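Visitor: Residue numbers (this note's numbering), protein chains in the order written: chain U, 58 to 481; chain X, 58 to 481.
Worth flagging that the hints you see were computed from the coordinates, not collected in a lab.
Errors might be hidden in some of the hints.
Chain copies aren't distinguished; within one or between two, either way the pair holds.
Lysine to aspartate or glutamate pairs mimicking EDC-like chemistry, simulated, CA-CA at most 20 Å apart [unchecked claim]: (1) K81 / D388; (2) K81 / D343; (3) K81 / E341; (4) K81 / D204; (5) K164 / E112; (6) K402 / E425; (7) K312 / E245; (8) K81 / E206; (9) K436 / D83.
Predicted, not measured: the structure shown is a model, and the values here were computed from it.
2 protein chains.
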Amino acid sequence: MQLNVGLLGLGTVGSQVAERLLQKRDSLARRTGVVLNLRRVLVRDAERPRSIPSELITDAPDEVLNDPEIQVLVELMGGEEPARTYIERGLRAGKHVVTANKVVMAKHGPELLELAGEMDVDIYFEAAVGGGIPLISTFKVDLIANDIERIAAVINGTTNYMLGRMGADGLDYAAALLEAQAAGFAEEDPTADVAGFDAVYKLSILASIAFGARVHPDQVFREGIEGIDPLDFRYAKELGYEIKLLAYAARPNGKIEARVHPALVPVSHPLAQVEGAFNAVYIEGDLVGPVLLRGQGAGGRPTASAVVGDLLDLVFTIRKKAANRVLMTFDPDPPMLPMADVVTKAYYRLRAEDRTGVLAQVGRVFGEEDVSIASMIQKDSIEEGTAELVFTTHPARDAALARARERIAELEPIRRVGAFFRVI
Amino acid sequence: MQLNVGLLGLGTVGSQVAERLLQKRDSLARRTGVVLNLRRVLVRDAERPRSIPSELITDAPDEVLNDPEIQVLVELMGGEEPARTYIERGLRAGKHVVTANKVVMAKHGPELLELAGEMDVDIYFEAAVGGGIPLISTFKVDLIANDIERIAAVINGTTNYMLGRMGADGLDYAAALLEAQAAGFAEEDPTADVAGFDAVYKLSILASIAFGARVHPDQVFREGIEGIDPLDFRYAKELGYEIKLLAYAARPNGKIEARVHPALVPVSHPLAQVEGAFNAVYIEGDLVGPVLLRGQGAGGRPTASAVVGDLLDLVFTIRKKAANRVLMTFDPDPPMLPMADVVTKAYYRLRAEDRTGVLAQVGRVFGEEDVSIASMIQKDSIEEGTAELVFTTHPARDAALARARERIAELEPIRRVGAFFRVI
Chain U
58 MQLNVGLLGL
68 GTVGSQVAER
78 LLQKRDSLAR
88 RTGVVLNLRR
98 VLVRDAERPR
108 SIPSELITDA
118 PDEVLNDPEI
128 QVLVELMGGE
138 EPARTYIERG
148 LRAGKHVVTA
158 NKVVMAKHGP
168 ELLELAGEMD
178 VDIYFEAAVG
188 GGIPLISTFK
198 VDLIANDIER
208 IAAVINGTTN
218 YMLGRMGADG
228 LDYAAALLEA
238 QAAGFAEEDP
248 TADVAGFDAV
258 YKLSILASIA
268 FGARVHPDQV
278 FREGIEGIDP
288 LDFRYAKELG
298 YEIKLLAYAA
308 RPNGKIEARV
318 HPALVPVSHP
328 LAQVEGAFNA
338 VYIEGDLVGP
348 VLLRGQGAGG
358 RPTASAVVGD
368 LLDLVFTIRK
378 KAANRVLMTF
388 DPDPPMLPMA
398 DVVTKAYYRL
408 RAEDRTGVLA
418 QVGRVFGEED
428 VSIASMIQKD
438 SIEEGTAELV
448 FTTHPARDAA
458 LARARERIAE
468 LEPIRRVGAF
478 FRVI
Chain X
58 MQLNVGLLGL
68 GTVGSQVAER
78 LLQKRDSLAR
88 RTGVVLNLRR
98 VLVRDAERPR
108 SIPSELITDA
118 PDEVLNDPEI
128 QVLVELMGGE
138 EPARTYIERG
148 LRAGKHVVTA
158 NKVVMAKHGP
168 ELLELAGEMD
178 VDIYFEAAVG
188 GGIPLISTFK
198 VDLIANDIER
208 IAAVINGTTN
218 YMLGRMGADG
228 LDYAAALLEA
238 QAAGFAEEDP
248 TADVAGFDAV
258 YKLSILASIA
268 FGARVHPDQV
278 FREGIEGIDP
288 LDFRYAKELG
298 YEIKLLAYAA
308 RPNGKIEARV
318 HPALVPVSHP
328 LAQVEGAFNA
338 VYIEGDLVGP
348 VLLRGQGAGG
358 RPTASAVVGD
368 LLDLVFTIRK
378 KAANRVLMTF
388 DPDPPMLPMA
398 DVVTKAYYRL
408 RAEDRTGVLA
418 QVGRVFGEED
428 VSIASMIQKD
438 SIEEGTAELV
448 FTTHPARDAA
458 LARARERIAE
468 LEPIRRVGAF
478 FRVI
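Same shape as in the complex, but just chain U (with noise of 0.2 Å):
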């Protein structure tokens, strides 16, 4: 049997993908029975000399997406348009898809899966979160016999390799975010990675998959990393946590919670010893118990490596005419629980004044809004006569501690606050 395959886009990852089927194309012919055939790839710039046949190249969208001939189309062009355009277009022509575009499959993958299915297709998009690292098909396959209570991950490498270098060598934001561009982890605008919506984006799809609920981006609570503060990852240190950007996502009491902030996660903790630009993915099930996933969640090599295992699964499915395809079902709207009924601990770092009173004044803010308080820690500041104040809490509801934060801001010995996280 052969497989026709065409080719949208041909940057890092699609010259892996392209590299990796015009030359593994006889051994993986032997392992799988299928030949996949690189028919026809769509690139911007036809002219420019590249290393794969010419034959195969074209700028028109038209020669690939209406070649009859074509199976499979394999989109890894990114951005939201004309990717989601064209996937919808091979969708309605019968083709098959396989895509590693984040933002299409966040924003419009329930619609684009409900037509695959009204078509008799499949979509595949493992690609889409975590490069490499098997996700939608272990939520999708291996763990369906599970309720999934909680996923927590580190799954944007940009952040998580600046927060590296701002928590190891005491790099401040700017400094980390300029060497993240010179090392090629972060764009020339930083925005998608250092504000959290690249994050933001795949949680919306795991979260999506796990709980067979659809859980649109504008729904997830999102902060950035930008402006940390480098003295925020020694006091984090010395209580015996690390800064991630977490991607949190839980069902209490069958309202969906999906938020994406920096946060301080304990040094035992599996996601702080993610490091640089890895990502990982820390499942809890209710029989799997806690499973964590880690590898690189970028980068051309890795997440050609998802492409190309989504083709092959594909075959396996298509191989003799089957369907296959597991029933993705998302409730449309499902109860989503508002930030402000979250219930998490906290951080809070603030300069006072150094005089007497200061501590039971801000002590009795936390007690009337009702939160706990779990350590504390006291210093000199750099600044003449004042004192930083470091407080953790123990769980309480994000309005009261919204509410705290903004109350002790105001108290007359307080300076400011200089810093507010949420603990894991």
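Place chain X on chain U using the hints.
Guide: For chain X alone, kept in the frame of chain U given last:
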């Protein structure tokens, strides 16, 4: 659609599987479109009172194996026989099989998979290795585009628990074993775990699938953890290592290397951080790079998660009479790398008379055997007039490491070689 399930064995895992199938029947049917109907359960003693309906229970194997209505056998009896025979009978009768049996799959997996292929049915065995951690499916599908370069795993929870207690709390081997038995982690006869057989079975299954080659348990080098001295944990810590029972497979220069033995693992390695009864498998593929999968490697609930996951994977496969079997082909007689030719680093602990010239003599032996020293510690020993010498080496052939060990033991001022470990 309805799938009739026959369950063989109602121990810890079987009870969990039966419970989940009975209690989650409706919600699983909603999510998958298939009713998993538990039709018959084979037990040893049908008279014992149980929580599942008594009309399902039988102690007559033929009532399950010969029931033409049963489409899937779920084998959870454990042990080689009669489990292997029942699986074979099931396959020959055209039944699919889901099994958690590592002994049967390690010793007879390739033959049973071939028989299943002939009968046009499937065997799933995710639960045979690493409890609910998705390992088999990861190799079979997700990483299929990769050439797997290396597997390094902590895959026996019993020994990992014991080594943890010895390392962190200074227990000796006998005390750690007693405690593991009291906690239910170790059997009354602990040989399968402490001598490394359990890890060998699991590694043999993983390596066979990862490399597409028959790695029989007899071909896996094996050393257990019996008699490890608490002293070595202190030296290991001083040198920056943990001691783990390592299961390791690789394919250097086209030959397969497969071995299970205690090893020093650098504290920064993800496997060093696997605590208690957890399992973790570290995989390196040429595309995906390093991937780590970690979770509870045993126990009724995690294993049941894998069993029910397999059942549902099977459902997706056969829903439309499809066969989406991955062609698992195994090179029946791959070239194996003899242990003597394995290249590894090592750790030696010697007790020597405390006089001049000892170091020179030991150094000369290492030099003559082409083993290069990486680090050395010398300390007073508890034995009057002797010193403890600890060496770590750079990579060398295992045969050379063994010869050096023998020759050093024969040196006149050496009282004994107290320990020898390989280092990852």
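Visitor: Tell me the hint numbers this structure goes against, listed in increasing order.
Guide: Numbers 5, 7, 9 - these are the hints that the structure violates, sorted from lowest upward.
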